[in-house]
Amino acid sequence: MLLDFNSEKPIYLQLAEAIEDDILKGIFEEDTQVPSTTEISINLKINPATAGKGINLLVDEGILYKKRGVGMFVCNGAKETILKKRKEAFYNNFVLSLLEEASKLQISKEEIISMVERGQGR
Amino acid sequence: MSTIEVKNITMNYGPVKALDDVSLIIEPNKIYGLLGRNGAGKTTLLNLITNKIFPTQGNVLIDGEGAFENDRALNKIFYMMEKNLYPEGMKVKEIYKWTREYYSLFDIEYAMALSEKFGLNVNKKIKSLSTGYTSIFKAIAALASNAEIILLDEPVLGLDANHRNMFYKELIANYSENPKTIIISTHLIEEVENVLEEVIIIKEGKLIEKRSVEELLNSAYVISGEADKADVYLKGRRYIGEEGLGKFKSATVIEDSSLKDEALAKELNLDFAKAELQKLFISLTNS
Amino acid sequence: MNNTWKVSKYVFHDYKKSMLVYYGVILGIFILMTAAYLKISAEPNSRIEFSGFGFSAVVFLFISGLNSFKAYFKFMQANNVSRKRFFLGTMVILILMAALMASVDAVCNVVFKQLIPYEGLFTQVFKMQSFFTDILWSFSLMAFAVSSGWFITMLYYRCNKVMKLVVSFAPVFTFILLGIIDRLSMGIVQRVVKLFLAVVLGSPYLSIVYYLLCSVVAFGLCYILIRRMPIKD
Numbered sequence: 001m002l003l004d005f006n007s008e009k010p011i012y013l014q015l016a017e018a019i020e021d022d023i024l025k026g027i028f029e030e031d032t033q034v035p036s037t038t039e040i041s042i043n044l045k046i047n048p049a050t051a052g053k054g055i056n057l058l059v060d061e062g063i064l065y066k067k068r069g070v071g072m073f074v075c076n077g078a079k080e081t082i083l084k085k086r087k088e089a090f091y092n093n094f095v096l097s098l099l100e101e102a103s104k105l106q107i108s109k110e111e112i113i114s115m116v117e118r119g120q121g122r
Numbered sequence: 001m002s003t004i005e006v007k008n009i010t011m012n013y014g015p016v017k018a019l020d021d022v023s024l025i026i027e028p029n030k031i032y033g034l035l036g037r038n039g040a041g042k043t044t045l046l047n048l049i050t051n052k053i054f055p056t057q058g059n060v061l062i063d064g065e066g067a068f069e070n071d072r073a074l075n076k077i078f079y080m081m082e083k084n085l086y087p088e089g090m091k092v093k094e095i096y097k098w099t100r101e102y103y104s105l106f107d108i109e110y111a112m113a114l115s116e117k118f119g120l121n122v123n124k125k126i127k128s129l130s131t132g133y134t135s136i137f138k139a140i141a142a143l144a145s146n147a148e149i150i151l152l153d154e155p156v157l158g159l160d161a162n163h164r165n166m167f168y169k170e171l172i173a174n175y176s177e178n179p180k181t182i183i184i185s186t187h188l189i190e191e192v193e194n195v196l197e198e199v200i201i202i203k204e205g206k207l208i209e210k211r212s213v214e215e216l217l218n219s220a221y222v223i224s225g226e227a228d229k230a231d232v233y234l235k236g237r238r239y240i241g242e243e244g245l246g247k248f249k250s251a252t253v254i255e256d257s258s259l260k261d262e263a264l265a266k267e268l269n270l271d272f273a274k275a276e277l278q279k280l281f282i283s284l285t286n287s
Numbered sequence: 001m002n003n004t005w006k007v008s009k010y011v012f013h014d015y016k017k018s019m020l021v022y023y024g025v026i027l028g029i030f031i032l033m034t035a036a037y038l039k040i041s042a043e044p045n046s047r048i049e050f051s052g053f054g055f056s057a058v059v060f061l062f063i064s065g066l067n068s069f070k071a072y073f074k075f076m077q078a079n080n081v082s083r084k085r086f087f088l089g090t091m092v093i094l095i096l097m098a099a100l101m102a103s104v105d106a107v108c109n110v111v112f113k114q115l116i117p118y119e120g121l122f123t124q125v126f127k128m129q130s131f132f133t134d135i136l137w138s139f140s141l142m143a144f145a146v147s148s149g150w151f152i153t154m155l156y157y158r159c160n161k162v163m164k165l166v167v168s169f170a171p172v173f174t175f176i177l178l179g180i181i182d183r184l185s186m187g188i189v190q191r192v193v194k195l196f197l198a199v200v201l202g203s204p205y206l207s208i209v210y211y212l213l214c215s216v217v218a219f220g221l222c223y224i225l226i227r228r229m230p231i232k233d
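Chains as they are written, first to last, in the numbering used here: chain A, 1 to 122; chain B, 1 to 287; chain C, 1 to 233.
A portion of the hints provided could be inaccurate.
To be verified - Some residues of chain C that are not near chain B, with every Cβ distance over 10 Å (derived):
1) K9
2) M19
3) N45
4) F62
5) I95
6) V110
7) P117
8) Q124
9) V162
10) S168
11) V189
12) K194
13) A198
Claimed, not checked - Reference excerpt, derived from the structure (chain C facing chain B, CB under 7 Å, subset only):
14) K6
15) K74
16) S82
In case anyone wonders, no lab produced these hints; they're calculated from the structure. We put the CB at the ideal spot given by N, CA and C, even for glycine.
Go ahead and model the full structure; you've got the sequences and the hints to work with.
Below is the structure:
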């Protein structure tokens, strides 16, 4: 897990995304344990409260859950939850601005679709 | 869980005002950075909190009790001082043993384990330790004390990079497993930026900043790119820490990061980055 | 109370060693004395007397007092112990040491006398034998020695350079001043001093009261000094 401390994105957010990435990659399988806040904060040399914030974010989103006395585990269906979340983000960050730009350049919907097919063919 | 309340502390040494009407509250179980230039008054503040010196005006409360000559309150604090107050002829392990007399929760096995990790020979006398190892032994004593509040004055003085790295990790591990209040007074701001939760900045005896690191860093942002383009963005804006290399330029804009003009930056092909605590500190404490 | 005792423990752990050495030396000297006595008393027309251990104990305690501040104070400050508690803990152990040495001394006086013609300090001064008065008197004298040593070291620690000079010269200066006053007043000072000594050294009981009072004053002054004592190097 490598975080970019210079990036504008808050560390806790980067941490949450890094864990999500690892879940998607299969490094953390569903219903298995993820590193504790202590382990993460020691490893990355960050304040445990920051690490905790990232973990809690994932708990709130239903990606991780806490097993009392043991630690944090990946929820069942976490992969799906993450993909769904990312797809929504993809829509908001890329698709909407694509459509905005396309409208500026007066590109029709059909043209967009054929461009997509062209791109996919490569 | 203990709270420290510093109430209108003024410290005069004759005509010199070492601290000027400083008031602040240290909430429990946070890692604080106490930052300030040389002679700003950091050590004076720490000395006042721990009954080493007495304020000209004002007072210090620990958990609502006056700190003055109060053994019960003072026992909640372990103060790692820059100055060495331990007898030169005593061995490290003897000092651990005696510290346990006064700090009953002192974990001597943990102290021994840490000493081994750092390569500190506990059979050595204090006077034969290097500057680095003197700091190490005092830092270990602080961590092993299990006091509710730990004050560290320049804890990594003289430590090599490896040991500094180890120290921060041990500090984080200790804090994570046994939450406590930690105040680190240091000049090495870059290193410690991500470890701190809040900063307290003292300038010429006055408290000029006490905020969470997150908030402080969000009050500014870095813009970088081609020098001419950057200047366009910077026009009319307050900025500090200008750096340039040939055609490239970067600067820290003093403006809430939520106010950054993304559209303009995109147009000018400029990049944003997070503000650096050290740069903000330098700007805040320059005369 | 227990916490104050922890301070005493620390101060004493240092003195354990020096006291053992001290008594070791005393024992050694005593053996030498016995050997000398046996040798010399065999000769006709020989007279020999021994004394002095009481006085050496007083000196030992005075020096201990001188030694009981700086290093211990710094250590207590490192461990966030209040000055009040440091004062009490140290005072207790210093008094106990004085009591211990006074008792040992009185016992020695009795024991030595069996083997060699030895005269303790008390006997020398008051020309009488009384075990319990001996202990009490020795204790009061030793308490005064240790407390004044402690006071002097604290005073020096507290003073800055200028004050140190003043304090060092004050006794000499007072002495000279008294001498001048004496000359001018045609001997009044001398008479006062003689009267004073007669009172103090005339009766062992008055002597005890006097030294105990002085100890109380010395400890009291120590407390006043220590209240706001800063940390220096």
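Hint by hint, here is what the structure shows:
no. : hint : result
1   : K9   : violated (7 Å)
2   : M19  : holds (18 Å)
3   : N45  : holds (53 Å)
4   : F62  : holds (22 Å)
5   : I95  : holds (21 Å)
6   : V110 : holds (38 Å)
7   : P117 : holds (43 Å)
8   : Q124 : holds (39 Å)
9   : V162 : holds (15 Å)
10  : S168 : holds (25 Å)
11  : V189 : holds (41 Å)
12  : K194 : holds (45 Å)
13  : A198 : holds (44 Å)
14  : K6   : holds (5 Å)
15  : K74  : holds (4 Å)
16  : S82  : holds (4 Å)
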